[in-house]
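Letter by letter, the chains look like this.
Number of protein chains: 6
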Amino acid sequence: MKYYGTYRLVKSEDLNHHGTLFAGRMSEWFVESCFITVAKEYKHPENLVCRKVHEINFNEPIRKGNIINIESKIVYTGKTSLTVYGKVTKGDSDKVIVDGFLTFVCVDEHGVKMPHNLKMDEPSTEEDIRLLNIAKSFRK
Amino acid sequence: MKYYGTYRLVKSEDLNHHGTLFAGRMSEWFVESCFITVAKEYKHPENLVCRKVHEINFNEPIRKGNIINIESKIVYTGKTSLTVYGKVTKGDSDKVIVDGFLTFVCVDEHGVKMPHNLKMDEPSTEEDIRLLNIAKSFRK
Amino acid sequence: MKYYGTYRLVKSEDLNHHGTLFAGRMSEWFVESCFITVAKEYKHPENLVCRKVHEINFNEPIRKGNIINIESKIVYTGKTSLTVYGKVTKGDSDKVIVDGFLTFVCVDEHGVKMPHNLKMDEPSTEEDIRLLNIAKSFRK
Amino acid sequence: MKYYGTYRLVKSEDLNHHGTLFAGRMSEWFVESCFITVAKEYKHPENLVCRKVHEINFNEPIRKGNIINIESKIVYTGKTSLTVYGKVTKGDSDKVIVDGFLTFVCVDEHGVKMPHNLKMDEPSTEEDIRLLNIAKSFRK
Amino acid sequence: MKYYGTYRLVKSEDLNHHGTLFAGRMSEWFVESCFITVAKEYKHPENLVCRKVHEINFNEPIRKGNIINIESKIVYTGKTSLTVYGKVTKGDSDKVIVDGFLTFVCVDEHGVKMPHNLKMDEPSTEEDIRLLNIAKSFRK
Amino acid sequence: MKYYGTYRLVKSEDLNHHGTLFAGRMSEWFVESCFITVAKEYKHPENLVCRKVHEINFNEPIRKGNIINIESKIVYTGKTSLTVYGKVTKGDSDKVIVDGFLTFVCVDEHGVKMPHNLKMDEPSTEEDIRLLNIAKSFRK
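Residue numbers (our numbering), protein chains in the order written: chain E, 1435 to 1574; chain C, 1435 to 1574; chain V, 1435 to 1574; chain P, 1435 to 1574; chain A, 1435 to 1574; chain D, 1435 to 1574.
What the hints contain is simulated information worked out from the structure, not anything from laboratory work. Note that the structure is predicted; figures quoted are calculated from it, not measured. Please note that a few of the clues may not be correct.
Because identical chains share one entry, a pair is satisfied inside a single copy or across any pair of copies.
[Stated by the list, open to error] Listed below are the simulated EDC-like cross-link pairs for lysine to aspartate or glutamate, each with C-alpha atoms no more than 16 Å apart in a straight line:
1. Lys1436 <-> Asp1526
2. Lys1574 <-> Glu1489
3. Lys1474 <-> Asp1528
4. Lys1474 <-> Asp1526
5. Lys1498 <-> Glu1447
6. Lys1436 <-> Glu1543
Could you put together the complete structure from these sequences and hints?
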């Protein structure tokens, strides 16, 4: 699996009263980015529903005019479910300022769960192993 | 602590392509509702920032025209932090269709953490004890 | 009949160029809150349409970061119509900073008016009698 | 005084769950149109605040894809206040499908009322006399 | 053909991080205004699709609280296409601060191009001749 | 220079009355994507303003639920200006369904043009030469 990225420009309409990116708006973009990732991999967005946000960490404020990059990738596959890790960086920095995990399930037109048949390669990097283990711990 | 409630009407602009309430939009309303709750209790919204979404569970689809009630209350207080439990019901039903936990921290004008000085009563109901324990497990 | 309440947080996207809550945005939230109230009482939102705003008074500016509570209740029932009184308070204050009256009619799937069959108790408090009389004066 | 007009296209994001233009959205556009009119006449929008919606009548449903024309003009001037009449037509029809009256007050930078010094000609048409009388009746 | 005009009030939610009207938002309003114009002339919006923006010039910044007037008219008709010229003025000034050209095509319910049968008068003013020539140069 | 990409999910709120992506909304996303690209390369978004949309071609309808990828890159640098080429693809297809060119200028805090000092490599691929030539033709 690979990362799919989306750039977002923080505009006036996205701010809270502190003048920073409203956590609710960041959550909306985060969920949308993770959905895009599973849809790009599974190819049938109409069969994917978001079941759970496992966590989202807001590590730093994000200000008006900042350009953020929201990248996400599938890190764990169950038979009918897909768990996604997402992270956000700002400007030229690699520092992860927001990250989290979501799980989607694959359903048929009646809303009944069905297998997605996606296969993941074994994780090869330390980072991927770390992410897989965190995803598994959520899934117990 | 008590529940603060917000009603929301699901409109066309809130839908995903399935024709159900987009999980990203529900997350935005959920975060906003929890923020309102801590602001109502702490009285100084300018000192509150959202630090973490611990989880949000989406148990059922929500459709256009549904009226949902998003209720949240503080269930755990640390020295500088406040953890909120939120739940969503639909129409006349008591069934919890979305729920989750968020943590906010109290900060001064420089963004440095500071004590909020809010005190919670000891939980008295089974439900409140259950919620407190879940909140504590997130906080470890 | 009872009050149904909705909290709203005033964010940057809701402001006019004065930096206060844009009256058009307040009107939109006000109408939506009143609609939610009639839908909660009548239970079939698909049969309710807004026929008239009788008045909305804007008594005070509302600023970014304010948390307002929009409460509304049915104060008068005709055979096919329902008149709602709504009021807005801010923060911890009881002062009514915006209020007004709206009328909805109950229609069938062809848009033809039909009886809603909702019954109101006789108003018991001074406030309820006052509101009923104002509603009646609009309805002549 | 003359009418200032604004065309609006009703899009998916403006609909209620009936598939018609949401009354709250229409109210928001209506208030904005009336504000534009007083700002065009008074030339200093920063001194104008909306004080009261006297009424808005919703006579007909408006559907997705409809192009509506919202026209408004000042029909009554007090010393510090301006009352506006607004009407909405659809497509090529002259039928007034929404109309209403709003009052704005002129305030200084401290929010204190001040004279606007706008003068209206005496109404010459039957329509203008009718509108002036309705505006006066609201202003008692 | 004549100009159809739409007033817009620039609000906080329309700003970029410079505090001026975000060019993307201006583009959205510009396209919508041109669409309204072709729909008012052709009368069947369901048959019109936007094929091309030929150019949009942003000559001056537009600030919060400004009231702009977006006027557009058809300046060239092909057999199945319509080219529109749009211009934006601000406050009381006649200075054109944004302008541009768009082309729409008339299609049937299968998306196949079809004649619109609209006829334009020969341009009579210098301005109209100038606009027609520019439109023709785009259409080569 | 390289392409910067942004994925977008087309939701109900983005549709026109045909049920396809509203050209105005696509224009807004297109301008925002091009802005992000110049900001990522120049690193000081506060000094960049959009001066002109040279053209945007809408080649195919885009539907609700489609995931589009908007990619853009700088293809021509003047002393104070930057011209960007943007293209949109859908799902797994490489077919360019929307494309166009925009020019931004670099300005100081008073809005006066200033050199950006960005250097482009000589175009090496056929595609890049083609894009450079189109950009130059716009710039005459």
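Hint by hint, here is what the structure shows:
{"no.": "1", "hint": "Lys1436 <-> Asp1526", "verdict": "between (21 Å within a copy, 15 Å between copies)"}
{"no.": "2", "hint": "Lys1574 <-> Glu1489", "verdict": "both (15 Å within a copy, 14 Å between copies)"}
{"no.": "3", "hint": "Lys1474 <-> Asp1528", "verdict": "between (24 Å within a copy, 14 Å between copies)"}
{"no.": "4", "hint": "Lys1474 <-> Asp1526", "verdict": "between (26 Å within a copy, 8 Å between copies)"}
{"no.": "5", "hint": "Lys1498 <-> Glu1447", "verdict": "both (9 Å within a copy, 12 Å between copies)"}
{"no.": "6", "hint": "Lys1436 <-> Glu1543", "verdict": "neither (28 Å within a copy, 40 Å between copies)"}
The structure shown violates just one earlier hint, number 6.
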